[in-house]
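Engineer: Chains as they are written, first to last, in our numbering: chain U, 1 to 331; chain B, 1 to 331; chain H, 1 to 331; chain D, 1 to 331; chain L, 1 to 331; chain S, 1 to 331.
If you're looking for bench data, these hints aren't it; they were derived computationally from the structure.
Don't take each hint at face value.
Just so you know, same-sequence chains aren't split out, so a pair can sit in one copy or run between any two.
With a Cα cut of at most 25 Å, we get these calculated DSS-like pairs of lysine-lysine [to be verified]:
id, residue 1, residue 2
1, 250, 68
2, 250, 105
3, 196, 322
4, 68, 222
5, 196, 285
6, 221, 116
7, 227, 105
8, 167, 285
9, 105, 221
10, 213, 161
11, 196, 116
12, 167, 322
13, 161, 322
14, 322, 105
15, 285, 222
16, 221, 322
Keep in mind it's a predicted model, so treat the numbers as computed, not measured.
Protein chains: 6
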Amino acid sequence: MLRLKPLANNRIMQSDVFEATYGGAEANVAVSLALLGNDVAYLSKLPANLLGETALSTLRKYGVDTTKILRGGNRLGIYFLEKGASVRSTNVVYDRAGSAFAEAKQTEFHWEGLLKEIDYFYFSGITPAISDELEQVVTAACVYCQAHNIPVVCDMNYRGKMWSPEKAQGVMSKLMNYVTICIANDEDFEATLGIKAFDGDMSRGIDQITSFKEGMLAVTKKYPNCKVVASVLRNIRSVEESEWMGLLLKDGKFYESARYQMHVMEGVAAGDAFGAGLMHSLLHKAQAQEWIDFAIAASVLKLTITGDLNLVQESDIRSVMKKGGGASLNR
Amino acid sequence: MLRLKPLANNRIMQSDVFEATYGGAEANVAVSLALLGNDVAYLSKLPANLLGETALSTLRKYGVDTTKILRGGNRLGIYFLEKGASVRSTNVVYDRAGSAFAEAKQTEFHWEGLLKEIDYFYFSGITPAISDELEQVVTAACVYCQAHNIPVVCDMNYRGKMWSPEKAQGVMSKLMNYVTICIANDEDFEATLGIKAFDGDMSRGIDQITSFKEGMLAVTKKYPNCKVVASVLRNIRSVEESEWMGLLLKDGKFYESARYQMHVMEGVAAGDAFGAGLMHSLLHKAQAQEWIDFAIAASVLKLTITGDLNLVQESDIRSVMKKGGGASLNR
Amino acid sequence: MLRLKPLANNRIMQSDVFEATYGGAEANVAVSLALLGNDVAYLSKLPANLLGETALSTLRKYGVDTTKILRGGNRLGIYFLEKGASVRSTNVVYDRAGSAFAEAKQTEFHWEGLLKEIDYFYFSGITPAISDELEQVVTAACVYCQAHNIPVVCDMNYRGKMWSPEKAQGVMSKLMNYVTICIANDEDFEATLGIKAFDGDMSRGIDQITSFKEGMLAVTKKYPNCKVVASVLRNIRSVEESEWMGLLLKDGKFYESARYQMHVMEGVAAGDAFGAGLMHSLLHKAQAQEWIDFAIAASVLKLTITGDLNLVQESDIRSVMKKGGGASLNR
Amino acid sequence: MLRLKPLANNRIMQSDVFEATYGGAEANVAVSLALLGNDVAYLSKLPANLLGETALSTLRKYGVDTTKILRGGNRLGIYFLEKGASVRSTNVVYDRAGSAFAEAKQTEFHWEGLLKEIDYFYFSGITPAISDELEQVVTAACVYCQAHNIPVVCDMNYRGKMWSPEKAQGVMSKLMNYVTICIANDEDFEATLGIKAFDGDMSRGIDQITSFKEGMLAVTKKYPNCKVVASVLRNIRSVEESEWMGLLLKDGKFYESARYQMHVMEGVAAGDAFGAGLMHSLLHKAQAQEWIDFAIAASVLKLTITGDLNLVQESDIRSVMKKGGGASLNR
Amino acid sequence: MLRLKPLANNRIMQSDVFEATYGGAEANVAVSLALLGNDVAYLSKLPANLLGETALSTLRKYGVDTTKILRGGNRLGIYFLEKGASVRSTNVVYDRAGSAFAEAKQTEFHWEGLLKEIDYFYFSGITPAISDELEQVVTAACVYCQAHNIPVVCDMNYRGKMWSPEKAQGVMSKLMNYVTICIANDEDFEATLGIKAFDGDMSRGIDQITSFKEGMLAVTKKYPNCKVVASVLRNIRSVEESEWMGLLLKDGKFYESARYQMHVMEGVAAGDAFGAGLMHSLLHKAQAQEWIDFAIAASVLKLTITGDLNLVQESDIRSVMKKGGGASLNR
Amino acid sequence: MLRLKPLANNRIMQSDVFEATYGGAEANVAVSLALLGNDVAYLSKLPANLLGETALSTLRKYGVDTTKILRGGNRLGIYFLEKGASVRSTNVVYDRAGSAFAEAKQTEFHWEGLLKEIDYFYFSGITPAISDELEQVVTAACVYCQAHNIPVVCDMNYRGKMWSPEKAQGVMSKLMNYVTICIANDEDFEATLGIKAFDGDMSRGIDQITSFKEGMLAVTKKYPNCKVVASVLRNIRSVEESEWMGLLLKDGKFYESARYQMHVMEGVAAGDAFGAGLMHSLLHKAQAQEWIDFAIAASVLKLTITGDLNLVQESDIRSVMKKGGGASLNR
């Protein structure tokens with residue numbers, strides 16, 4: 001998607017310029033993985049115009065394999081982002097109706113070729129939320145992966161402006177049967193899986209760690225194929241100030257990360273950074289504790305970066321994992 | 001519409017910022033008329049979101065009555081403008097599918113109330129090109145105007161990316177029966193009325209003044225209700241360099257403006273500025289020669305202004321009409 | 001006024017660009033009221049040049065009735081704003097000498113026509129501070145309002161760079177006899193009314209709530225026409241960090257708002273936002289508690305907006321009034 | 001003065017940012033001379049606030065001696081510059097009323113100390129146009145110079161928005177008795193000296209070279225102290241396109257420079273660049289032909305520079321003086 | 001290289017911001033070829049820091065294979081570009097001393113692996129000018145190519161700030177023995193090959209077409225391996241205005257392109273665009289006339305693009321090749 | 001040096017524009033002292049190109065005597081600054097290899113002339129870290145100062161990217177014999193003097209005040225010529241949040257400043273601001289308590305200013321020294 005954002009904390013009504021960047025849940029994950037040195041291909045459908053070309057080039061810039069992306073359709077999805085401040089919430093205006101991906105058809109996706117020789121398959125709950133057709137597309141991919149022992153990673157990523165909890169639960173509860181590693185944050189548990197884990201008060205997510213753990217256990221109980229559940233827990237006090245931690249369940253055991261007191265530059269796409277950090281750990285680290293430590297460090301680092309993409313390298317994440325990362329000046 | 005433009009002459013592929021302005025054919029005419037001191041109301045349908053609100057506020061800023069604008073629908077139409085340079089053409093990428101106005105219904109327009117006590121009704125050929133529904137809407141307005149002796153001004157404004165000549169001719173030839181003052185430029189004659197006036201070579205439009213005159217006469221012959229036909233003739237040598245003049249037919253007599261050698265800052269919406277200049281003249285001047293002189297001066301002045309809107313006042317236009325407008329420094 | 005501000009937190013000495021916005025105490029209140037859906041007209045005098053035109057258009061953009069504004073005089077008042085940071089105070093350099101409004105004459109204001117059919121009259125203490133002539137103008141308006149039972153709202157708005165406490169008290173103590181609703185913050189009590197309510201330490205305004213209450217009672221005792229007194233109380237720890245609350249006295253009873261911990265983007269014009277929020281409540285709500293709750297939420301929201309104008313709608317204010325407004329992400 | 005200019009060719013009405021630079025006729029000359037390696041001091045009065053400080057620092061940056069500048073008064077003069085384009089004239093909105101310099105008093109200028117050991121004294125006709133007091137100030141300086149054999153250079157610099165030809169002639173004809181080197185362009189001859197040299201048509205100034213020569217001779221005849229008269233002659237076809245040449249009269253003989261076909265980036269302060277180029281030549285070159293060649297090259301170079309100041313060095317001017325300066329690419 | 005450029009036509013002395021883009025002769029050619037749909041790999045050495053990473057990513061963004069690029073060394077070469085205007089020449093300040101590529105060693109380049117399976121090898125005369133070591137590197141590549149029948153394309157690209165004609169001729173006359181297709185412009189003939197073809201007057205390059213032809217014939221006579229010589233001929237009247245044409249010699253026959261009257265946005269890297277256009281033609285077209293027509297159209301299109309990279313696609317070039325490319329407005 | 005910084009908190013990889021400012025340790029001190037009203041000359045070597053010229057002009061702008069600066073050499077040193085945020089550290093990429101100053105020779109510095117009639121000599125440990133030649137240069141200056149009773153102020157300023165502790169100690173322990181006033185912060189004690197004072201944990205520098213005091217005493221014991229030692233102590237919690245205080249040892253007695261809770265805009269060059277504040281105090285105040293109070297206030301003020309230079313005046317520092325400096329709004 002093209003993301004258009006007024007400068008700084010300006011409102012749309014006072015803006016005669018928009019910052020243009022490109023991103024989207026799965027794209028963000030792909031770029032992070034590429035910047036961390038992994039081979040990663042991204043799949044979507046982009047219009048065959050200058051905007052589609054630019055979106056594709058942006059992914060290629062950061063090292064993502066873009067050769068599998070479909071081209072065609074009418075337009076590139078857009079979203080407008082009004083960054084909030086203090087007590088004023090950040091606000092997203094979606095303008096994705098009629099996008100090339102939203103109107104893509106099942107028949108355009110040939111999974112045998114697309115998924116050949118891949119090690120992991122990642123999708124987020126946003127994709128099946130876009131259209132029934134895309135739900136079918138994702139299901140076909142999951143079926144293929146299960147048949148070929150390719151682990152499936154899914155970030156539930158519930159979006160209230162895209163579908164209702166009822167619709168989401170109907171779809172996601174079916175897809176969860178194929179998911180090996182599940183990422184669910186905040187309201188995702190209830191909205192997409194009907195599992196109560198969080199009371200909706202974003203200012204005290206971490207304080208509810210016990211109910212989160214219960215929710216995570218419920219997930220693994222309900223979906224036996226799901227071996228790992230990971231979450232970001234947050235106490236968000238204002239647009240700028242919040243506390244973050246990661247929580248991971250594996251083989252019935254919980255792993256908790258350190259807690260980070262964050263001054264937030266930008267609150268979007270931190271979940272995607274978490275997902276990418278988790279996948280990178282899965283691929284390269286032995287210990288579940290390392291998985292969640294690395295993933296949450298990647299995630300909070302995204303809070304310091306402007307734009308959907310988490311433009312950091314492994315050394316940046318390692319630096320954050322050391323106590324007092326922000327306190328030093330590298331010179 | 002929201003217009004998004006890379007800075008200066010940049011291409012979309014190298015832009016991480018877009019200039020955001022608001023405009024559209026009829027909106028541009030309305031703003032010009034308001035800035036010239038006329039009472040003018042604008043009618044369209046804008047989404048009930050922050051983008052629609054900003055578009056509306058922009059018109060209100062310049063003095064247009066926005067109280068008749070319908071609100072609702074999904075999105076605001078967008079267009080991306082890549083300003084060309086020298087031999088590189090200016091390029092427009094439309095992103096208007098699914099806009100609130102494109103999906104507006106006939107039943108939303110109550111012309112008796114909307115057109116009460118107005119002196120002139122203006123529309124451009126872009127509106128009926130958007131949808132069949134809008135063609136019906138425009139037709140209903142024209143019928144009302146004819147019944148109430150309200151003169152109708154129409155700028156043919158053919159857009160090859162919106163409809164074919166066949167479709168355009170089918171629609172516009174019917175609407176022309178209601179039009180009192182017709183503005184047709186360049187390819188408009190043939191594409192919308194099937195009248196041959198111009199061979200398509202933009203570098204020598206003025207040189208074809210004779211065939212333009214024949215075309216204009218053919219219009220008045222074919223559409224007896226049409227009392228005035230006006231055109232902008234151009235020799236365009238490059239994106240920056242061109243020569244402009246106006247031509248007007250009234251009561252079988254032609255009126256030619258002076259010719260302007262122009263260094264062009266921006267080539268869009270000069271036709272709307274011409275239409276507004278013409279209407280302003282119609283309302284305030286006695287002589288047809290003054291009409292075309294004022295209209296073309298308004299039009300070329302737009303070539304010096306960035307954005308869809310011709311942000312000039314009557315004194316600016318008068319200054320251009322004097323020989324050597326650009327030669328002086330007002331201090 | 002035209003406000004010129006270096007980018008971000010830059011100092012004037014390092015700026016080769018200024019952000020240009022338009023505002024001023026009463027203008028800010030008018031825009032807020034218009035954005036909240038009220039019919040509001042603004043009265044001032046603006047020069048008949050491009051800067052005056054732009055100031056007027058800005059108000060019109062946001063829906064203010066600008067048809068009563070006088071035109072003429074020499075120049076538009078300017079102020080330069082250096083936004084501070086942390087321990088560095090925000091700094092204002094006034095450049096308003098000789099402005100059209102400062103040189104306006106009594107005889108230009110015909111209150112019978114100007115105030116006909118209005119429901120409320122609002123002014124701030126800045127206006128009589130500008131010139132003796134404007135003091136007479138305001139007095140004449142107040143006399144008219146009293147005679148016609150139009151409630152008068154006054155924000156005392158003391159400015160130490162404009163007049164001395166002695167001068168201010170001499171003028172404002174007379175005008176207060178006409179005021180129905182009085183807004184007084186911080187030093188206003190003593191500087192404009194000679195009533196001791198606050199010891200001048202901005203870091204502990206809220207802590208002095210008791211003396212503020214005594215001051216408010218003293219106001220209603222001294223000026224029996226004054227039925228309501230409202231204040232913003234603040235503990236300001238630095239340019240960025242502060243705590244805000246509202247306090248209102250009506251019929252001998254005090255109403256206190258919630259307290260807001262704020263991260264401040266910009267500290268100017270929050271008082272005007274408070275005044276507008278209060279007036280909007282007066283017009284639409286029954287309960288005094290609602291008045292102060294809405295007014296303070298409008299005020300703190302202004303702290304998140306750049307420019308003099310509080311570009312928010314009622315829904316934005318309602319969102320802040322809910323606990324944890326800044327914690328959510330609307331998507 | 002502070003100069004505020006919308007970006008690119010934007011109009012004030014569409015600008016939410018102004019480029020801020022500092023300049024003014026005599027200041028521009030001083031900076032040019034300093035950049036060319038001369039010792040030069042500038043005299044004016046600047047307010048003791050951040051804007052005055054910044055104006056002073058800007059001159060110091062480029063090497064001008066600013067130690068003689070008076071400090072005090074109310075405000076720094078401002079002018080707004082709307083850069084025109086093609087047929088739209090560049091427009092200046094002055095906002096200098098009440099500036100520190102405009103309100104300076106004779107008694108503040110102690111010429112014995114200020115002018116000690118200087119080689120040349122330069123002033124422009126703008127200074128006596130500002131106030132009667134400044135006329136007296138300039139006269140006192142001229143008297144001192146005459147008594148001490150310091151040559152006086154004066155650029156007549158008529159500004160129609162500042163004074164009438166009658167007023168200007170009354171003042172300048174007296175001051176001319178002290179002037180050794182006179183620069184007069186275009187309308188200056190008639191407006192300030194009552195000598196007819198130019199018919200006012202800026203598009204054909206060069207074509208009137210004969211009457212310019214007659215005017216220059218008339219100047220030397222009328223003011224025998226005046227040994228040199230220099231002029232810039234121009235054929236200005238539009239804001240961007242013009243032809244420039246220099247003309248100089250010395251000892252009854254005329255010297256003509258080459259003609260330059262210019263594409264103009266910015267049309268202001270080229271006269272000041274000419275004056276500085278001429279003075280630099282006077283100080284360092286033997287031949288009058290060199291004087292006018294160097295001065296006109298300095299002047300046309302200013303047309304390629306943004307801002308009031310001619311930020312070029314001697315090598316840049318020499319490069320222009322060679323045929324085809326703009327044709328090469330230095331790499 | 002990192003290119004740092006003041007905004008618009010500003011000078012370095014007045015710039016507090018630089019536009020940062022990445023490019024360099026061979027990199028520019030590679031990007032053009034990739035955008036035209038060819039498989040192309042770029043070889044250089046970039047430092048292993050954030051600047052090297054960004055330079056590499058930029059090439060990857062546009063589709064260039066960057067996997068062969070060496071990493072290491074101290075710094076990325078920089079050049080500062082002051083865009084001229086009218087009579088003021090564009091000025092380049094090189095800051096490439098100590099760059100990673102300048103300090104690269106022969107032993108780092110293993111041509112057997114690097115050149116395997118390539119169809120063409122391209123280099124410019126800038127590379128051997130950088131260091132003796134790089135001269136050896138280029139020679140080794142040429143030897144490999146000759147041994148493996150890989151055609152070598154060389155743009156002579158003489159840079160007077162990098163080496164003397166004597167040094168250049170000593171090196172290039174040896175390398176020319178391996179070159180199959182030679183691009184030589186303007187001064188290149190004499191400075192690098194000692195062949196007189198052009199008198200150095202950039203304002204009349206096209207006028208000297210006869211001596212250019214003689215020079216080209218001399219090249220093929222002196223270097224029998226060289227089958228094609230191509231040149232851009234220019235009449236440059238100012239920074240903005242020039243006339244361009246292409247000339248090609250093949251099998252003893254000359255092919256001349258159309259002439260383009262250009263309004264130039266930016267004058268750098270047009271030669272690289274020409275080289276890329278020529279190579280694209282060689283790969284895809286049968287006729288030499290098509291080669292030169294396509295190459296010159298690609299080259300003049302670069303004059304309309306900001307930054308070193310010619311961000312155009314084949315359709316853009318085709319559009320220019322039609323008469324009057326800049327006259328149309330695509331909408 | 002030229003400092004290039006992406007906008008806001010952007011990373012180099014996402015920047016197509018860099019903010020360009022000029023500075024460097026000693027230059028920053030010089031500008032501060034000049035802005036505080038002192039006569040100060042700066043000595044360095046700058047290239048004779050446009051970048052060197054601009055660096056020099058910047059210093060001159062703020063009142064520094066630049067006449068002693070040497071000109072010549074190849075290039076101006078550059079550093080790239082990526083401003084961090086929250087847990088992401090600020091990152092500096094040096095690009096100073098081959099700079100004019102780094103390659104300066106001893107024989108270029110004639111200290112008798114350069115140091116004549118100066119009151120204080122200031123240098124930082126960065127200078128001898130640049131090259132052995134510069135170490136000799138500094139030593140020569142120190143010898144001269146000792147012989148002429150000119151006090152020497154040295155900020156140890158250890159930079160781990162420039163030299164090792166071993167190298168630093170070898171050099172600085174010799175230079176310290178000439179130093180009268182020593183500024184050492186954080187790791188400086190150990191890295192440059194081998195004295196243990198701080199454990200390296202930037203989040204708790206203030207908490208280690210006792211060991212700092214021991215370190216300072218050790219300095220005066222080891223270097224009897226050193227009469228004053230001053231330090232900035234910090235608890236840095238993140239890029240934005242930290243606590244600062246100053247500590248000074250004189251005649252065996254410690255002086256502690258107040259502690260400042262800071263919201264940091266920019267963390268570089270605060271040490272230089274401290275050094276300048278200290279020197280200004282030394283020159284104008286009697287009491288050591290005033291010295292440290294003023295120095296730390298100058299230092300924390302720098303944290304609110306963008307760019308290397310502390311653009312504040314004495315009144316700004318005085319305002320911070322009052323309790324609650326950031327709480328007021330000057331209007």
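Engineer: Each hint: holds or not?
Structural biologist: Hints and how they fare:
| no. | hint | in the structure |
| --- | --- | --- |
| 1 | 250 - 68 | neither (33 Å within a copy, 41 Å between copies) |
| 2 | 250 - 105 | neither (36 Å within a copy, 51 Å between copies) |
| 3 | 196 - 322 | between (34 Å within a copy, 23 Å between copies) |
| 4 | 68 - 222 | neither (34 Å within a copy, 49 Å between copies) |
| 5 | 196 - 285 | neither (31 Å within a copy, 38 Å between copies) |
| 6 | 221 - 116 | neither (31 Å within a copy, 55 Å between copies) |
| 7 | 227 - 105 | neither (31 Å within a copy, 52 Å between copies) |
| 8 | 167 - 285 | neither (36 Å within a copy, 39 Å between copies) |
| 9 | 105 - 221 | neither (34 Å within a copy, 52 Å between copies) |
| 10 | 213 - 161 | neither (27 Å within a copy, 45 Å between copies) |
| 11 | 196 - 116 | neither (37 Å within a copy, 59 Å between copies) |
| 12 | 167 - 322 | neither (42 Å within a copy, 28 Å between copies) |
| 13 | 161 - 322 | between (38 Å within a copy, 20 Å between copies) |
| 14 | 322 - 105 | neither (47 Å within a copy, 38 Å between copies) |
| 15 | 285 - 222 | neither (27 Å within a copy, 50 Å between copies) |
| 16 | 221 - 322 | neither (35 Å within a copy, 36 Å between copies) |
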